[in-house]
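J.: Sequence:
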Amino acid sequence: MESPAVLVTGAGTRLGRLLAMHMASLGYDIAIHCNSSIEGAKSLAKALESSGCRSEIFPQDFTETFDSDHYLQGVLAAFPNLECVLNNASAYEAAGSTETDRGLLETQFRVNFVTPYLLAASFARLVKKGQVINILDNKIAYNQYQYSAYLLSKKTLAEHTRLAALEYAPTIRVNGIAPGVTLPGDTRTDDYIQWRLDGIPLKKQGSDQHLKSALSFLIQNDFVTGQILFVDGGESLNQVGRNHENYVDATK
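Start counting the sequence shown at 143; every next residue gets the next number (the numbering used here).
Some hints here could point you the wrong way.
Here are the simulated DSS-like cross-link-like pairs (lysine-lysine), alpha carbons at most 27 Å apart as the crow flies [stated by the list, open to error]: (1) Lys345 to Lys188; (2) Lys297 to Lys271; (3) Lys270 to Lys354; (4) Lys345 to Lys271; (5) Lys345 to Lys297; (6) Lys188 to Lys281.
Between beta-carbon pairs, the in silico distance windows are [said to hold, decoys possible]: (7) Leu168 to Pro326: 41 to 47 Å; (8) Gln336 to Ala311: 38 to 44 Å; (9) Leu344 to Leu168: 24 to 30 Å.
Keep in mind that the hints were calculated from the coordinates and are not lab data.
Even glycine gets a Cβ: it sits at the ideal position worked out from N, Cα and C.
Kindly generate the complete structure, drawing on both the sequences and the hints.
T.: The following block contains the structure:
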């Protein structure tokens, strides 16, 4: 019996790789999307092969206009048992609205909203049954204007998660995961992490396992749709204004 398959966008980098490897552990074959992270995608494919999982790489620049039906048809040709689209690819650049030009705005929205929107629609047209999972950001609970275009694009995707869940029901479930401090980037300092932890009710940093557990829950619970699962230790519930400004390094 052929294994189910999942398309993981942005799978060549840290969070995408983590999610892809976990989906493989759940018995899925992996369609690996990448753009510039081709070496990361090849490394992931090799790791998946070593674990006995079938995978294939499907490159695409999401900052450019592309035919999402054609792209997904290519994935389906290799993986006819495609059951899930995991929209993880993300463009992230900190800038307030007065520092945001048209190019930056369009890039953030193309990658963070337009592409997941189109891939979900293509999945609904071509596959007609399964699930879509959107990777968001717990900052959608805040209005941090220093991330204007990025945050607006993620907030829009969050709203689409709920809307699409209604439109594509009952055959397709649509949910989201909004991670908090789980896989901080290499540029984040210890002081920054502590600043974030001070605003987390559970007073601890999340781990890979917390994200894996959240993904497993959404994959396996077929009575859940239209939900955004915040995996952030309660940070998004905190008092109004908490960490609403950007982090400022007091040592500089």
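J.: Gln336 and Ala311, beta-carbon distance inside 38 to 44 Å?
T.: holds (42 Å)
J.: For the pair we were handed, Lys188 and Lys281, check the Cα-Cα distance against 27 Å.
T.: violated (34 Å)
J.: Verify the proposed pairing of Lys297 with Lys271, using a straight-line Cα cut of 27 Å.
T.: Holds - the C-alpha atoms of Lys271 and Lys297 are around 26 Å apart, at most 27 Å.
J.: Can you tell me whether the CB distance of Leu168 to Pro326 sits inside 41 to 47 Å?
T.: violated (25 Å)
J.: Does the structure keep Lys270 and Lys354 at a Cα separation of 27 Å or less?
T.: Within the cut-off at roughly 26 Å; holds.
J.: With 24 to 30 Å as the target window, see if Leu344 and Leu168 comply at their CB atoms.
T.: About 26 Å separates the Cβ atoms of Leu344 and Leu168, which means 24 to 30 Å holds.
J.: Take the C-alpha atoms of Lys345 and Lys271, compute the straight-line distance between them, and say whether it is at most 27 Å.
T.: violated (40 Å)
J.: Starting from Lys345, check that the Cα of Lys188 is at most 27 Å away, please.
T.: violated (37 Å)
J.: Could you grab the alpha-carbon distance between Lys345 and Lys297 and see if it respects the 27 Å cut-off?
T.: holds (26 Å)
Checked against the numbered hints given earlier, the structure breaks hints 1, 4, 6, 7 and satisfies all the rest.
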